[in-house]
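So you can see what is in the structure, the chains are spelled out below.
There are 4 protein chains.
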Amino acid sequence: MADTLISVDLSENPHTNEKVHNRWHPDIPIAVWVEPGDDFKIETYDWTGGQIANDDDAADVRDVELEQVHYLSGPIGVKGAEPGDLLKVHILDIGAKEEMNWGFNGFFSKQNGGGFLTEHFPEAQKSIWDFHGMFTSSRHVPGVKYAGLIHPGLIGCLPDRKMLDMWNTREKALFDTEPDRVPQLAALPTTQAAHMGAMQGDARAAAAAEGARTVPPREHGGNCDIKDLSRGSTCYFPVYIDGAGLSMGDLHFSQGDGEITFCGAIEMAGWLHIQVELIKGGMEKYGIRNPIFKPSPITPKYDDYLIFEGISVDEDGGQHYLDVHIAYRQACLNAIEYLKKFGYTGAQAYAILGTAPVQGHISGVVDIPNACATLWLPNEIFDFDIMPGADGPTKHLDGSVDIPLAPDL
Amino acid sequence: MADTLISVDLSENPHTNEKVHNRWHPDIPIAVWVEPGDDFKIETYDWTGGQIANDDDAADVRDVELEQVHYLSGPIGVKGAEPGDLLKVHILDIGAKEEMNWGFNGFFSKQNGGGFLTEHFPEAQKSIWDFHGMFTSSRHVPGVKYAGLIHPGLIGCLPDRKMLDMWNTREKALFDTEPDRVPQLAALPTTQAAHMGAMQGDARAAAAAEGARTVPPREHGGNCDIKDLSRGSTCYFPVYIDGAGLSMGDLHFSQGDGEITFCGAIEMAGWLHIQVELIKGGMEKYGIRNPIFKPSPITPKYDDYLIFEGISVDEDGGQHYLDVHIAYRQACLNAIEYLKKFGYTGAQAYAILGTAPVQGHISGVVDIPNACATLWLPNEIFDFDIMPGADGPTKHLDGSVDIPLAPDL
Amino acid sequence: MADTLISVDLSENPHTNEKVHNRWHPDIPIAVWVEPGDDFKIETYDWTGGQIANDDDAADVRDVELEQVHYLSGPIGVKGAEPGDLLKVHILDIGAKEEMNWGFNGFFSKQNGGGFLTEHFPEAQKSIWDFHGMFTSSRHVPGVKYAGLIHPGLIGCLPDRKMLDMWNTREKALFDTEPDRVPQLAALPTTQAAHMGAMQGDARAAAAAEGARTVPPREHGGNCDIKDLSRGSTCYFPVYIDGAGLSMGDLHFSQGDGEITFCGAIEMAGWLHIQVELIKGGMEKYGIRNPIFKPSPITPKYDDYLIFEGISVDEDGGQHYLDVHIAYRQACLNAIEYLKKFGYTGAQAYAILGTAPVQGHISGVVDIPNACATLWLPNEIFDFDIMPGADGPTKHLDGSVDIPLAPDL
Amino acid sequence: MADTLISVDLSENPHTNEKVHNRWHPDIPIAVWVEPGDDFKIETYDWTGGQIANDDDAADVRDVELEQVHYLSGPIGVKGAEPGDLLKVHILDIGAKEEMNWGFNGFFSKQNGGGFLTEHFPEAQKSIWDFHGMFTSSRHVPGVKYAGLIHPGLIGCLPDRKMLDMWNTREKALFDTEPDRVPQLAALPTTQAAHMGAMQGDARAAAAAEGARTVPPREHGGNCDIKDLSRGSTCYFPVYIDGAGLSMGDLHFSQGDGEITFCGAIEMAGWLHIQVELIKGGMEKYGIRNPIFKPSPITPKYDDYLIFEGISVDEDGGQHYLDVHIAYRQACLNAIEYLKKFGYTGAQAYAILGTAPVQGHISGVVDIPNACATLWLPNEIFDFDIMPGADGPTKHLDGSVDIPLAPDL
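Chains as they are written, first to last, in the working numbering: chain A, 1 to 409; chain B, 1 to 409; chain C, 1 to 409; chain D, 1 to 409.
Source of the hints: derived by calculation from the structure; they are not laboratory data.
Heads up, none of these hints are tricks.
Quick list of simulated restraints, FRET-style, between CB atoms:
id, chain 1, residue 1, chain 2, residue 2, range
1, B, Gly281, A, Thr191, 57 to 65 angstroms
2, D, Val32, B, Asp56, 27 to 35 angstroms
3, C, Ala198, A, Asn112, 55 to 63 angstroms
No residue lacks a Cβ here, since even glycine has one placed at the ideal position from N, Cα and C.
Next comes chain A alone, as it looks inside the complex:
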């Protein structure tokens, strides 16, 4: 049996747990030390640290304190790790905490974070997803069931001082181009709700004031939200400080490419069973700047797709230059319109795209001026046939169930 090196108590505030933190900073003390070759278990909170309840009211999603996120377990020190190494992490397994056998998906209010389609879904909504062994379904989204493609949304090593400074500088520069924008352009450091692990006193205060938020993915990996970095995969992370300082959290039971609903996947608390090894000097040997990984041999085989195209012309007909973001948004909107013909509400369709293992491909990025993105929707997750036919679609849902919405106050 692998030992559990970091435990979390879901009934306790994560700020009471010194082996948890929610900012990236080189000075956060290593919480546990391991040897290369060791395998062990790490428990994690859900990314919000328990702010969201299993009920039919989206007020908690509307009112979420985003400054709290993401609660990560770690940092894990790996003996012998030095800057320039690659830390090989084999994700041997991931599971839910016994006491929280469900997850949530939410759309944030445009006033508090927003999301990929926030102009179309500007208010907070929440769906609850129950886990049935390897499968999940939702009382708020009838007609779909999927096997979990469980993965950590967030994993990576602590930055060194130089990298931290670079992050803060470049993100501040972007933020400053439009400081009053809602949603904001970047999540800058804030001491509000900062949790610096075992740090105390002035050192803690100083680190909290400059600790990088965990929101974006960066060079070290971090909040990549890559659905395919799932249990069974092997990842290679850049090491910046002695001991590496690996942290992880934000587990997802299932998610589509892009995590388009922002809150985002089916979010869960749980545990990871991992093994770590070192490739000494691996960053230089392999020319590595961002993590690389090999996906798992065990993933749900949903490979019968209906594919939607989108191009970089926006909802108002405006032409954009090779903008994949807009092209993917159009592909998603096209899929939502399609699913509505079968009886889904727009919110339900949006939630499916956020939680099911849909693929989002950058199909064409050179044919000026239009990028072309494709959204791959797996047919097999539906209880009914969604392929087009001469007779037109059948409405399989009568609209009696929808995803709870909490209006902005």
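Knowing the structure of chain A, use the given hints to seat chains B, C and D on it.
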């Protein structure tokens, strides 16, 4: 045996063939009529109409006349098709022309079209790929061989007048924001090298002056360059005019997501065997704005990947807001650096990413400010092992072979 | 959380557990009742009930009391189930018992059960396989690691009286054709080590004397040892008695087609999470005589194979008529010879074929007089390349490690 | 362009073509010589040499002269090949002859060859399958369409004298155990309809009298009828004579595991594009006795299965000892009964199992006395849903179409 309804003679100038055209315009006369349910063959030129030779000199890629492209075969009229229908096209098979059993991949000069990585590879280069049955390899890129994922880069129905006007208006508006940019922001109508099928005289001149260029993908599909719209797939195209007017061309033997080298895949001349059916009123029934499709049951099974991440921070460290284009560029650059460690030149690595069935995923588009894109490189196309290990990479190529380059004049 | 309806204590003798049995008989009392639609967990012993230890001595495999096997958990009564129904069982998940995070594979002595290659491996041998999350490896078989394709070797409903009598009659008839054969032709009823669940007294004694052994697969399913009936699959079992009486056990962490080593897969104790539903009258509606099933959407993706052929000519050159059993034996022997060239001992190679997710296909059964069977060996389970090349194989093992053997006494 | 080294004219009797033969004998002269590394094309007759017509009358299947089969193209000499080498054959592509864009499937009369289910389908029947690019469908079997998994049913190198003698000796010994059996136990040498390639005169007569029939698979490969040895695969064949003498034929557009209908797959005339290489001394280096192969990276992705089980109890309830042949027969009969519930006739269901890419697995061969075999039926080949449900099956066929039958005379 299915009849060949449109033939092309590769030794003849495509402008002599009245069943070929290289602009989108509603007035281009239907070249051949078919009934719903018919299956038949259509031959096509390579997209440049034969401008590129099987040799070791990239001058033809440098000097390509882009106003000529893309030579499409059609339009095919489908009896009974009306605006608002969906034209179901089953691609039963695709193959190379017997007399041209090879294809080409090129990087355009930044002075003449450029490409996804044109800042890194600003000059014209060309690689030649020989076809060995279902497989391809190149004398300019040793160590890789792949099975073809053959597909038409360009397929769709003629626009109606209203759609054509909309295209021209919005693309002109973008172009005008930076009219002197090199490469240009959009490819506007031009009579230079226009081929309007069987049109003659004043009508032809008028149509050529306003016919939409075939360069970008648009609502009708068009130059989507989607590698998965391959032989065996079933596509559903919006119909805008009576008879539909389906045209196709720009065949690719193999291509990666994004077609990043612009010229772009392994470009080829060849034939398609297709079957057409109608879903009357299908656009409204299914809420269709862009084509949708079901991928083929027969595709190369290269599913053992090494995955590279990229974020929306540019080469100079500049922070961009959820820009997937930049994130994918970083993922591609990361993969190129990695492959160089095994002995490839940058140009060879770039050509591999453009021609092999790599996947490009929009992995995260909500974690402000960084988008995260992933580049999936199939291990199995290499003659040697490309996975990272403790001993570091082995150089399998000695640099004696590279992709021919033609400097700008 | 799904309730655990049947628990097993691995430190207790399975005969003390009234919700466990090791014979098939219609009179075994239902251990627990559930409703259609319920999902719940069931724990199981390993098939031998704990006779095999995690050590390096094969004496326990040699001396195993086969009359004890297989310890099944159940019978589970499903309310409303009647003869002629189909019981739909959705296997939501399967896992190992926390306290036994390992499994075993054994070859039985030819004197006590034997196996598929018992003429070639006549003495008892045992390998221990450790579980690392979703993966397994063995200290006795270096160089391989696989993800688990976890499944119950044995699952099905209680027979009615008529079916039980038919089983006993036909198996006795076969046994009697060669009653002294070693190994025996069939495993007939015996009271030795019989465990009849909650039955007591004379009724128990009578049932034990005629209860069908659990060794073979039969019309109800039973000991099918089908590796693809894995977690995530959905099975449809014939119902013969009121309440159905579903029992299960003999969990395998991983196994190849044929379970050729007999003891057989990687045998484990563990739990299943299942959901049950009824198709009333389903046997007649669908013409069902044996179970049918739909495999899981989640299985290890080991699909890069090296395939070995075998024909129905035996080791002495004797020609057999379309005998798939012999053809598959030859394919297995061919694979073993091949693997020996890379340094494996024959026993190690045999254990790999028994425990890895190899496929065994009935490739040709009509081309008189030779059947052709194929053994599909997944390349990806090996640490090294096993494909043939011009330079010949490299010995990757030095013979210092082998599978413990316990000579017959 | 690869040269076509052996051409066949389907309008000519195959006996007029000196580069064709239908017996295995070491003295058949090499028809064409190639160098290691060469790639080239080989045309082949259908296995019967054109005896079967595209019509609705099964008389030709009933009256087929089985002594003619199989017409093979070759032998191809590979310079430098010596006994003990492995001949690596890369099947680069396979296609149909332009002038025969269809194939046939037949059940032979029990009086003339029979088949796997000849007791259930004792009379001759024939279905015709049209090719639509990569797909096939039949006017005699509505409701199914599949992509082709095209492969040579028969391929291998000439035996040497010693091997030929061994074949003849052991097959004769089997035949002699029941010489009057119908169908016969083995297909012994016969001069009737023998075609010995370019051999002439007495030598030809002597060779024809002892040449091994091409019916069974043997050590060299031969009539393995392995559906997965398809275009794109790489095979390694034992070499017995100088020059190897590779011959091939019996192309199949699609076939299920077991080729259960005997005539058997969708039989076709066509061409192969292959490349040959040598592994000197490969038989000893790798311990090779029968061919081994690596399947193609390009195969139809039909991987959503409904699986039927069968055990080794025969139709009369007789118990057999671990007999996989009988177990697979039961699995096939179970599938046929199931498909009849959807409206298929038994013959249509049998034809589907023979022609579609069904899998036949040896699932259990050690659980005395029952072998367990599984038949994997791909759901995606049907126009309708074949999964079981609470409402029972829907009859999708009205019985108005069946497979033509020609009664025994």
